[in-house]
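With these hints in hand, go ahead and build the complete structure from the sequences.
Going down the list, the sequences are from chains A and B.
Heads up, the first sequence stops at 170 in the working numbering, and the numbers go up one at a time, no gaps.
Heads up, the second sequence stops at 596 in the working numbering, and the numbers go up one at a time, no gaps.
Hint data in this document are derived by calculation from the structure and do not stem from the laboratory.
Simulated restraints, written as ranges between beta carbons of each label pair:
hint	chain 1	residue 1	chain 2	residue 2	range
1	A	F72	B	P279	21 to 27 Å
2	A	L111	B	V223	42 to 48 Å
3	A	L148	B	W206	55 to 61 Å
4	B	E541	A	L71	43 to 49 Å
5	B	M247	A	I63	39 to 45 Å
Taking lysine to any residue pairs in the SDA-like style, the calculated list, with each CA pair at most 20 Å apart, reads:
hint	chain 1	residue 1	chain 2	residue 2
6	B	K512	A	S156
7	B	K344	B	F439
8	B	K344	A	I76
9	B	K512	B	G560
10	B	K512	A	L150
11	B	K344	A	L78
12	B	K344	A	F74
13	B	K270	B	R255
14	B	K512	A	V158
15	B	K512	A	G155
16	B	K344	A	A75
17	B	K512	A	P162
18	B	K344	B	P279
19	B	K344	A	T79
20	B	K344	A	P80
21	B	K270	B	V256
22	B	K512	A	L149
23	B	K270	B	L231
24	B	K512	A	R161
25	B	K270	B	L234
26	B	K512	A	I157
27	B	K512	A	V151
28	B	K512	A	V154
29	B	K512	A	A152
30	B	K270	B	V230
31	B	K270	B	F439
32	B	K512	B	L523
33	B	K344	A	V77
34	A	K137	A	V147
35	B	K344	A	I70
36	B	K512	B	L524
37	B	K274	B	I437
38	B	K512	B	I522
39	B	K344	B	I277
40	B	K512	A	L159
Ideal Cβ positions, reconstructed from N, Cα and C, are used throughout, including at glycine.
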Amino acid sequence: MDEPGIVIAFWVLSVMAIGSSLGVVFARNLIHAVVFLVVSFLGLTGLYVTLSADFLAVVQMLIYVGAVSILFLFAIVLTPRGSRDNEEGFLRLPALALALVVGALLVFVALDTNWSISDRQGFEDTATLIGEALLDKYALPFEIASVLLLVAVVGSIVLVRPEPAEEGED
Amino acid sequence: MSLLSPVLAILLEGEWYDLRDLGNPVGELADQLSDWGAPDWVPYVVSSILGAVGILIWLVLSVLAFIWIERRVVGLMQNRIGPNRVGPNGLLQPVADALKLVLKEAITPVGTDRLIFWAGPVIIFIPTLAVFAVFPIGENMILADLNVGVLFLIAIAGINTPAVFLAGWSSNNKYSMLGAMRIIAMLISYEIIQVIALLAPVLFAGSMRMSDIVEWQADNAWILLIQPLGLLAYIIAGAIETNRSPMDMAEAESEIVAGYHTEYGGIKFGFFYQAEYLAGFAVAAAIVALYLGGWRLFGLEEWVPGWIIYLAKLYLVFFIYIWMRGTLPRLRTDQLMAFAWKFLLPLMLANILLVGAEVLIWRENDLSAAEAIPVIAVVNAVLAVVLVVGWSRFLGHGKGKQKGRPAILTQEVGRIFYEPVSGGGN
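Written out as structure tokens, the structure reads:
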């Protein structure tokens with residue numbers, strides 16, 4: 001963290017991530033909010049790179065910037081009136097209360113934890129280590145995640161499939 | 171003289187003249203800089219900037235050249251002349267086009283979301299440029315030899331998807347929106363194909379680093395030989411990404427004007443145009459690095475600079491795309507989606523299972539490359555043919571099924587023609 005380049009990168013990327021996250025909340029137009037969200041994801045990607053977690057960074061870019069943002073965009077476009085504005089709903093006060101509670105909790109955890117700095121250097125090749133961990137130690141969660149995805153795929157096909165009765169009429 | 175002496179030091183010492191690898195002179199310069207006591211980051215930054223500028227100049231020149239080559243070649247293929255008025259043989263046509271695009275008024279239509287409308291072309295340009303950082307153009311000519319290079323290739327192309335959506339949505343035009351929706355559906359579907367196709371070289375080489383894959387191919391065999399099906403799928407998926415002719419639904423002029431960039435004119439359209447070309451070069455560069463042995467060519471790299479071999483292969487692959495554009499008709503959207511999900515995806519899943527089994531058997535039994543490669547090549551080639559033919563027969567695309575069945579149009583016309591005759595009492 002002492003190299004000037006890393007420090008500059010950390011501050012620039014943090015400002016980018018936090019500033020655009022604020023933009024997500026305050027943007028009136030929901031599409032603009034998604035654009036801010038994408039910028040925020042990119043800032044996080046950069047932070048991962050500075051932590052030499054390159055595999056994580058690339059996956060963050062692939063999944064969040066490339067796929068999740070598209071999911072949000074489609075959800076907004078396909079929702080009636082959704083793309084118009086970020087209106088104030090009747091849940092404003094409960095949402096504020098919830099946000100304050102969650103924020104207070106996070107701040108408490110951050111202050112209460114005893115952050116220790118490890119001496120060990122970063123991993124040379126994170127991709128191999130993550131792959132080995134996923135297929136060895138964490139094989140069961142990995143398989144459960146893939147079964148979950150399979151269920152989602154099958155479920156979406158079942159949802160959009162025409163009813164058997166309609167097929168008979170055709 | 172005191173100013174000149176450091177320059178002379180570089181010129182007299184070192185191997186800067188070894189232009190077989192353009193990484194050498196840059197490396198010499200970086201070494202000199204650290205000898206003079208510059209901080210650690212200075213040589214790094216200087217060599218990065220030199221590499222990036224070099225790649226940019228090469229890309230601009232290549233795009234200008236290929237705009238002319240493509241138009242002339244497609245012209246020849248379609249029995250017409252192509253541009254031949256501006257300069258000798260029309261050579262200055264790309265320059266004239268570029269000048270026209272720059273000088274045109276940048277029109278922003280009414281009702282657009284101005285900020286996003288302007289951001290669209292810029293956002294789409296960044297990933298198409300950034301992707302060139304990971305290609306091993308020569309032994310020392312990689313801007314960033316990431317150990318997740320192949321994944322970076324896929325991930326950075328993924329940024330295109332939201333950019334296309336934003337460009338289409340902000341135009342306030344239903345044809346732009348339709349074009350954007352089409353291209354997003356296509357990009358997402360074929361991204362899956364692309365990822366699974368690229369898994370095969372990664373599995374064989376046991377690394378996602380581009381230079382490792384090139385080295386593996388030099389030690390063993392070009393992945394083209396052992397992965398014909400994967401290469402075919404990657405070429406098709408690459409054509410989607412470059413938005414080129416058999417798959418250029420996004421800008422099917424006869425249906426939806428020019429797709430997501432209908433409302434863009436002048437230099438903003440120029441950005442999209444250039445980005446499409448650069449994406450084409452990027453896909454060709456990826457094919458060369460991952461399937462065609464990169465900058466090596468059976469020992470010829472000892473005599474000819476590796477980067478010339480790499481560029482020659484790249485232009486050859488890009489020529490295949492031009493050829494496809496000049497020859498093949500455009501597919502329909504539903505045909506293209508069905509092709510991805512019903513045809514390519516099952517084939518690629520079977521292929522990756524096969525590759526996994528092969529790599530496992532190879533590693534478990536400690537076979538040498540000379541023993542394993544021929545067997546794998548033959549098995550994969552045979553299975554590629556069997557899978558393609560068998561699966562297309564299974565889906566009903568084979569011979570015989572459609573033979574003799576009259577087209578729907580003839581039936582419709584026939585009904586109109588015959589019904590008055592029989593129903594009129596004659």
